[in-house]
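Participant: Position chain B against the provided structure of chain A, taking the given hints into account.
Chain by chain, the residues:
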Amino acid sequence: MQAPVDPILHVKQIMMTFGGLTALMDVGFNVPRGIIKAVIGPNGAGKTTLFNVITGYHRPTEGSVHFEGRQIQHLKTHRIARLGMSRTFQTVELFGNMTVLENVMVGRHHHLPGSLLSCGLKLPHVRRAEQHAREHAMAILEFIRLADKAFEPAHSLGLGEQKVLEIGRALATDPKMVCLDEPAGGLNETESGQLSELICAVKDRGITVLLVEHDMKVVMNISDEILVLNYGQKIAEGTPRQIQHHPKVVEAYLGGDADVA
Amino acid sequence: MLRIRQTPITVFALLIGVFPLIAGRIAVIENYPDVMIFVGIYCLITIGLSLLMGYAGQISLGHAAFYGLGAYVSSILTTRYGINAWLGMGAAMTVTALVAFAVGAPSLKLKGHYLAMATLAFGIIVYIIFNEETAWTGGPDGMGGIPGLSLFGFEFDSVNRYYYLVWSIMLAVFCFTVNIIQSPAGRALRALHTSEAACGAMGVDVARLKVIVFVYSAVLASLAGSLYAHYMNFVNPSSFDINFAIKLLIMIALGGMHDIRGAVIGTFLISFLSLEWLHVFEDYESIVYGAILLVVTVFLPNGIAGLPTMAGRWLKHKSRG
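Chains as they are written, first to last, in the working numbering: chain A, 1 to 261; chain B, 1 to 321.
Looking at chain B on its own, in the form it has when it is part of the complex:
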């Protein structure tokens, strides 16, 4: 089994810690901490998705909707009802968990493409609700005036402060999820991916496990959505459309679905591509994503995280002549 070691995670956490200090001194990458906030937020979604898709083998195209639910519930509760932002965030996660349970319990009985279709339909329905329920959501124009976050009087009001908030949460969630993967629950998940029939014979409640992981990943997406809303102070439906759902998919496919570290790598690359590096392509941007997805599925079925294994196998092959 793939043991996920602690040292690289610690090194990664340290790099994340010092990054804003370095970036602030270099003009070309001065705005990168801002981009990194989005990377951190997206990572929260892709970590959950990776657990759901890569480990449990369940395809979801509905996570943009859970992300949106988190953002909108947080926004509505804080702007219209003046509820504390952290409480709003908790409420958003609770609402999303209930919705995910209601959606997941019946649709996780479907397999493969049918599950993808069901979650896709769910995503579209939620997107339409964001657009049409103007009294609540402000419709296509979106809603503004969402307050920032503060804790015990400390305001997360600068880019760097929000950066550290998002990345602390992200790293905590990452470690939590890594622990799940390396626990009895994670083992059952990976088993489930290979043979549901055998899992049943081993006493694993397959249906329940799938729903639990689906709800967990949805709650993470909701948390990401709330963090997004409180950072942008503004939300509109286009951030949560089907394109974003597909972009999430590309992130974990590129990084490597079967490895949670791959999800983080893929999220880094795709986020920087879409937020920074691909602007030169303008309208043709989506062609680039299509090309990436194509290349990955054909040549890198295990994504970037699978490269070391692939290289190792290739070298072995070479040395044998």
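Only chain A is shown next, with the shape it has when bound in the complex:
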């Protein structure tokens, strides 16, 4: 595949081992700016590990990750987030005891003054910034259609809404790219349909999306590019159409029989 001009993310020959176990082997790929790229593969293929490497939760044993032309594989997660890459989690990691609005406002954290002294004295600029963050968070809640639940505790939401809220929270950091780890996992047909729409709307805002997903309907409908992993290795990469008929993919998923779509 020809390297696209100015990829937002460039992953170069990643190797990730845990003790004797090799989770990722020589995985390399690009994510062009402004597209939706999906990472698929059977369970245990290394998708989440790949996500954790990209977003700084694991340091790769070998290889490098370049975000906006900058090496980031040695950076801590919060630094990567501040560079403009946020993520969601496969197991929902919301701040359950906080309200929906507060969850999104945490995403504004690094845009806010946070020194203990200025917060403790409630200085005017803290108050102003807080007010601004609240408005910004409300706008995001409008966008993800959860504004009517702004003041409910996050744990009271249904799973579908929780997944959506995680995306909203990630958007609050003003990311250039979001990594969504199985956003449709556990959702029903209607919910995953709405989720697909939301992900496309995120893309329309100019935010690049990288997603790990098992729901093939979601993946095939919204992805511009797909990367397929199996046993920690890249086995295919291309458009949904190319992937659907890729013999290695069909084999990895179904032992070579049925249609992936």
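Treat the hints as calculated values from the structure; they're not laboratory data.
From the three backbone atoms N, C-alpha and C, an ideal C-beta is built for every residue, glycine too.
Each hint should be verified, as a subset may be incorrect.
[Said to hold, decoys possible] Covered stretches of chain A, going by a simulated chain B footprint (3 or more residues, C-beta under 8 angstroms): (1) 116–122; (2) 167–180.
[Stated by the list, open to error] No more than 20 angstroms apart at the CA atoms, straight line, and that leaves these computed lysine-lysine pairs for PhoX-like: (3) A:Lys-203 to A:Lys-217; (4) B:Lys-111 to A:Lys-76; (5) A:Lys-76 to A:Lys-176; (6) A:Lys-203 to A:Lys-149; (7) A:Lys-217 to A:Lys-176; (8) A:Lys-76 to B:Lys-109.
Facilitator: Relative to the frame of chain A, chain B by itself:
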């Protein structure tokens, strides 16, 4: 979110203000303003601990040591070097902040029980130093002759005067800390308690935030220690031992860890129990504390501050039949 309202705080401050005037007229509680000075001092520690443990979720058993550091640095600087008491207090807070940073930066990488163990070990080491460095601390016999406090010629030399000094500081610290809780920093802290992983993805520097709160709570404990030393005019190591560290824990557990107002309630109750009401139990006193801790953890996981919510839920349940 739990909004902490201003009116109850104002009412509380007024009650604190008039209390010595009332107590002075009633013989049975005549000495309560003196007890209240200790309550105020302990509150300074538990407010910080509540922020650290209840909000940020980091367990510390080392705060008796920070309290002791404040007391000893103040005592040594004022008695041996004749340094102004307020400057000594500032120096004690600075020293404690540096020590807390040195201890906190590596040990806050530990989680849960391991952090508790590390801070426990730190507390024991400091306690041993207080006992053994006799040239500086006077060892187990302690050190006396610590001057009282005065400001622009006004001496805080009576119980009531010291009472107002301690409680003014306590209320200021309380309001400051309440503001922190209801600020971006406080929100990040509460978030941190639930999911450190998600905090990182939100751009929150988790490690830094934990260390900052640890240092802040240690500095408050140091301030409390200095106030204690200048009130008692005498310090010895036994005030800063592991038993006291555990008592601090019981205070915030009883009051309710997840609510800073709970820390104040718990401090009131435990202080009065240990300084006034439990003397009848003599040696068996610690059994009472054990029982309290047991009952709280089993039946009142959110402490006294959690009672209204619990009662509300119970009533709802009842009304549904």
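Participant: Are any of the numbered hints broken by this structure? If so, which, sorted upward?
Facilitator: The structure conflicts with hints 6 and 7, although it agrees with all the remaining ones.
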